[in-house]
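K.L.:
Those sequence lines, one after another, are chains C and V. Everything in the first sequence is counted per this note's numbering, starting at 1 for the first residue and increasing by one. Everything in the second sequence is counted per this note's numbering, starting at 679 for the first residue and increasing by one.
These are calculated hints, taken from the structure and not from any lab test. Treat the hints with care, as some may be off.
What follows is a list of derived Cβ distance ranges for each label pair [unchecked claim]:
#1 Asp35/C - Val706/V: 47 to 57 Å
#2 Pro878/V - Lys675/C: 30 to 40 Å
#3 Phe785/V - Ala328/C: 32 to 42 Å
#4 Ser275/C - Asn783/V: 41 to 51 Å
#5 Glu157/C - Asn745/V: 40 to 50 Å
#6 Arg296/C - Phe785/V: 38 to 48 Å
#7 Gly912/V - Glu508/C: 19 to 29 Å
#8 Glu287/C - Arg714/V: 57 to 67 Å
Note that the coordinates shown come from a computational prediction; the quantities given were computed from them, not determined experimentally. By construction, the Cβ of each residue, glycine as well, lies at the ideal position given by its N, Cα and C atoms.
Given next are the chains, with one letter for each unit.
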Amino acid sequence: MNEIETDLLDAAIERGRIRLDARLQTLSGKPEYPDTAYALPVTYALTGIAVRDAEGAREAYRQSGNNLLVACECLMAAEGAVEPPYTGFIPDTVLRQLGYTLVDGSVIGLGLIVGRPESPDAAAAICREMQEKYLLTFLAGGVVEALSGAGVRLGLEYRLVPLGPESARGIHFADILARIAMMFGGVKPGDASALLVYAAERAKAFVIVFPGLTDEEIAFVDSLRALGMPILTVDGGYRGGEWIPVASGEAVQKGMDLRGIRVTITAIPIPMACSPAFEGKSIRKEEMYVEFGGGRTPAFELLRTQPREEVEDGKVTVIGPEVDDVPAGSALPLAILVDVAGERMKPDYEPVLERRIHTFINYGEGSWHVAQRDLIWVRLSKDAVAKGVRIRDIGTLLAHKLKMEFPDHIEAIQVTLVTDRAKVEELLPQAREIYKRRDERIAGMKDDDVEVFYSCTLCQTFAPNHVCIITPERPALCGAITWLDARIAHEITPSGANQPVEKGEVIEALRGEFAGVNRFVKKTSHGETERVSLYSIIDYPMTACGCFECIAAIVPEVNGVLIVNRDYRGETPLGMTFSTLAGTIGGGAQTPGFLGIAKSYILSERFLQAEGGIARVVWMPTSLREELGDRLRERLAAAGIPEMYEKIADEVTAPTIEDLIAFLERVEHPALAMKPLI
Amino acid sequence: MSENSPDKLAIREVRLGATRAEGGTREVSYVIGGDRGLPFCGNDAGRRLVALEICDDPAIWPPVVRNYVGDLVNNPEDWAQAAERRYGADLVRLNFTSTKKRGFNAFADIASTTERVLEATTRPLIIEGSNDPQVDSEVFRRCGEAGEGERLLLGTAEADRYRSVAAAALAYGHLVIAQSPIDVNLAKQLNILLRETGVPEDRIVIDPYTGALGYGFEYSYSVMERIRLAAIAGDDDLAMPMISAPTDTLSIREVREAAPEEQDAMAVAWEFYTAYSAFVAGASVVCVRHPLTVERLKKVLEA
Numbered sequence: 001m002n003e004i005e006t007d008l009l010d011a012a013i014e015r016g017r018i019r020l021d022a023r024l025q026t027l028s029g030k031p032e033y034p035d036t037a038y039a040l041p042v043t044y045a046l047t048g049i050a051v052r053d054a055e056g057a058r059e060a061y062r063q064s065g066n067n068l069l070v071a072c073e074c075l076m077a078a079e080g081a082v083e084p085p086y087t088g089f090i091p092d093t094v095l096r097q098l099g100y101t102l103v104d105g106s107v108i109g110l111g112l113i114v115g116r117p118e119s120p121d122a123a124a125a126i127c128r129e130m131q132e133k134y135l136l137t138f139l140a141g142g143v144v145e146a147l148s149g150a151g152v153r154l155g156l157e158y159r160l161v162p163l164g165p166e167s168a169r170g171i172h173f174a175d176i177l178a179r180i181a182m183m184f185g186g187v188k189p190g191d192a193s194a195l196l197v198y199a200a201e202r203a204k205a206f207v208i209v210f211p212g213l214t215d216e217e218i219a220f221v222d223s224l225r226a227l228g229m230p231i232l233t234v235d236g237g238y239r240g241g242e243w244i245p246v247a248s249g250e251a252v253q254k255g256m257d258l259r260g261i262r263v264t265i266t267a268i269p270i271p272m273a274c275s276p277a278f279e280g281k282s283i284r285k286e287e288m289y290v291e292f293g294g295g296r297t298p299a300f301e302l303l304r305t306q307p308r309e310e311v312e313d314g315k316v317t318v319i320g321p322e323v324d325d326v327p328a329g330s331a332l333p334l335a336i337l338v339d340v341a342g343e344r345m346k347p348d349y350e351p352v353l354e355r356r357i358h359t360f361i362n363y364g365e366g367s368w369h370v371a372q373r374d375l376i377w378v379r380l381s382k383d384a385v386a387k388g389v390r391i392r393d394i395g396t397l398l399a400h401k402l403k404m405e406f407p408d409h410i411e412a413i414q415v416t417l418v419t420d421r422a423k424v425e426e427l428l429p430q431a432r433e434i435y436k437r438r439d440e441r442i443a444g445m446k447d448d449d450v451e452v453f454y455s456c457t458l459c460q461t462f463a464p465n466h467v468c469i470i471t472p473e474r475p476a477l478c479g480a481i482t483w484l485d486a487r488i489a490h491e492i493t494p495s496g497a498n499q500p501v502e503k504g505e506v507i508e509a510l511r512g513e514f515a516g517v518n519r520f521v522k523k524t525s526h527g528e529t530e531r532v533s534l535y536s537i538i539d540y541p542m543t544a545c546g547c548f549e550c551i552a553a554i555v556p557e558v559n560g561v562l563i564v565n566r567d568y569r570g571e572t573p574l575g576m577t578f579s580t581l582a583g584t585i586g587g588g589a590q591t592p593g594f595l596g597i598a599k600s601y602i603l604s605e606r607f608l609q610a611e612g613g614i615a616r617v618v619w620m621p622t623s624l625r626e627e628l629g630d631r632l633r634e635r636l637a638a639a640g641i642p643e644m645y646e647k648i649a650d651e652v653t654a655p656t657i658e659d660l661i662a663f664l665e666r667v668e669h670p671a672l673a674m675k676p677l678i
Numbered sequence: 679m680s681e682n683s684p685d686k687l688a689i690r691e692v693r694l695g696a697t698r699a700e701g702g703t704r705e706v707s708y709v710i711g712g713d714r715g716l717p718f719c720g721n722d723a724g725r726r727l728v729a730l731e732i733c734d735d736p737a738i739w740p741p742v743v744r745n746y747v748g749d750l751v752n753n754p755e756d757w758a759q760a761a762e763r764r765y766g767a768d769l770v771r772l773n774f775t776s777t778k779k780r781g782f783n784a785f786a787d788i789a790s791t792t793e794r795v796l797e798a799t800t801r802p803l804i805i806e807g808s809n810d811p812q813v814d815s816e817v818f819r820r821c822g823e824a825g826e827g828e829r830l831l832l833g834t835a836e837a838d839r840y841r842s843v844a845a846a847a848l849a850y851g852h853l854v855i856a857q858s859p860i861d862v863n864l865a866k867q868l869n870i871l872l873r874e875t876g877v878p879e880d881r882i883v884i885d886p887y888t889g890a891l892g893y894g895f896e897y898s899y900s901v902m903e904r905i906r907l908a909a910i911a912g913d914d915d916l917a918m919p920m921i922s923a924p925t926d927t928l929s930i931r932e933v934r935e936a937a938p939e940e941q942d943a944m945a946v947a948w949e950f951y952t953a954y955s956a957f958v959a960g961a962s963v964v965c966v967r968h969p970l971t972v973e974r975l976k977k978v979l980e981a
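Isolated chain C, as found in the complex:
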């Protein structure tokens, strides 16, 4: 920044300050505003003093530590009203409506424009953009005349409020903010720090300055920074100090960015309805116009974080044939590539956001999606295609829904849909590489590496006292939420069902009992469960809701544990089916000897650590063993018992307990020789 220019602005601020100070010292009129219960609001909020006369004004100014906002307000209040169309001081009743729109969300931010623009058209463009972005704009100074001259309609109903003909009238912007803080934010008069916090966090405002301010007005505008407002100067009028020069076309966006103001869009411009109501609806083969993946063609989806400058927000690109280029009943390859950028976006969040692709495509009235990653299967219905739905619309849908759902994380999003076979096949290996790296990231995380676990109480709707504790090495028993997922869910909805749980002091390391976890579970289970071991099936095992992917149950006769998955319909050697077992252990009760678990927990090093781990597993249905397949082999090899894969019995080798005993003895299963379970 140019030093001389900086000096110029600072010097002007200083000259203005001295003049305002001097004028206040000689103030003799009666500073007051009509129709308000908040006296001179800025002064009242900052100092708690309800100013009635000049002497009171000087006292308040002194007590505020010579805050220029107080000086400006007292001086303005002594000057009297302005003529229409200017509003001057806005009475409480009108202000209540303004504050209402701010809390209500119909206005998402506030702007003040002062000075006299060289080009009325540029000012008009700024105002139009402010209106489009749901900002409420106040105007003071020559800008009002310039806008009227350019044919811009002004007034509260247009969300463009002309405060007064001089820029100094912009002080009413501060009194509006102060009153909103007192009326809506519970800020007590005299609690200056509460006012500043409210102004900084709740009432998101910024100032746009055109040239033509007096020194006093410059000093006044600069003092607005104390309320957390950035000062943006356009038309090259001012440089220096803490003021931020911008091109007039970028002023509004810059102001919004600086204050973190985001517009939320609710209507998605696609020719089909989009709502959770359609989520459960499938598209049968005969209703289907075109499908992607599902074994017929290669298809995958991938969401990646990219540098901000590489993402053009809202852009949707289709590479390859569109839906109407192929006849009904066709299958096309598909790559869904979603690129997101945002300051708070982290690569760790990618899988969580990517998982929502499934949900959102199913929101479409005529679109359907199953599975994930490179296993996806997507269909568009004949009805939808007849109504004009194209694969491009799926991109638009995803771009909008993801941004709506994760407004704090996604600043920009673009979607590319590839239906060209060669291109999809070229991209697929890169995607698989990324999936692998992600798996390694969570796979590499250990419970010992973190100080905080997460809870999940989503299921308390029907299992009122159940609490899942989710750790890096033990996902939620439904298998749907990992520790990373829970962490981001908490970041996105801090008051939601996933809360951080401090581990606290270790009570028993092998069983995985922690003082912090116990405290949390006791409170959240409403006193029902007092102690929980994270890695044991026998001593204080975790409770279960009913959503578990598998049930682990001890088989005392063989000193081992069997695991049965939800999809297996037959009986286990315990003489009970999955659903009979589920009926015994669900509902939030602690049932020693039984555990509801996620499939992936079987592969964790922490799996039944207290009882000797994976070596205890004596039986599981073939479908489960095949599904775990190589991952189970790897886990067994890592545990030093690679031969055990073949020693796990199933419904064919051991349908009954007698068969199981015989089988385990024949293969010399390690569990037989382990420490007795009971």
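Could you slot chain V onto chain C? The hints should help.
P.N.:
What follows is chain V alone, placed relative to chain C:
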């Protein structure tokens, strides 16, 4: 008062309505909540109110009520007055059914109806505004403004559309009904959201959503019980009084298909047992639509 002080109330006190001395125009205001234990177990404050619900557009109102009250349905202020004076309701709940019409935009009528009903009644007023995000903002602003200072109980805030109700409560000094779909965690989450918006905790009343007896009421009952137990166990975010509006009871088959001469009796029986069960589960205010149900509930409460 400390967290574990025996003097601590399990359920916060909430004041409905404002008398002249309190900044409104009501002849009485009511305090609900203030309980220390479960309902009817000797440790609750026993403050139970019966509201009669009326509406500004009877087109979708249950026929059995329309037949019973006759011409009153076309005149909210007479209907409200009759609710208090003739039917003995503790308070009136005014439901702006007109806002459910497609393309509703008669916002000025919302303000004038609110004013007229306030004029016609002497007790606190519950207002059920719109339930369409398109018109919420304007509807809640109008009724909030028209009733400024009256400590209206405004409904209904839900998790994805609570801002307008909250804004009206904050701007004009009213209370909020926070409704969640039979789910204790969502009830809690909504209370937290409202608090973050700035609505003070003693201005929130929980509506856990009420299904009709035999049509899901047992879920409502359990969740009310759970909300109350959580509050007693010290959960501040659930320590609000509850309101129950078993509005579905009059549209169930048993009532719709009852023989004409039995319609009133059937409607009242269904409403009465659902509403009374809601009291047993912990509701402080129940809202019913058939005038005879009011009488029956009042009689039982007095016994």
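K.L.:
A separate judgement is required for each hint: does it hold in the structure or not?
P.N.:
Here is how each hint holds up against the structure:
no. : hint                            : result
1   : Asp35/C - Val706/V: 47 to 57 Å  : 31 Å, violated
2   : Pro878/V - Lys675/C: 30 to 40 Å : 58 Å, violated
3   : Phe785/V - Ala328/C: 32 to 42 Å : 48 Å, violated
4   : Ser275/C - Asn783/V: 41 to 51 Å : 24 Å, violated
5   : Glu157/C - Asn745/V: 40 to 50 Å : 44 Å, holds
6   : Arg296/C - Phe785/V: 38 to 48 Å : 55 Å, violated
7   : Gly912/V - Glu508/C: 19 to 29 Å : 28 Å, holds
8   : Glu287/C - Arg714/V: 57 to 67 Å : 59 Å, holds
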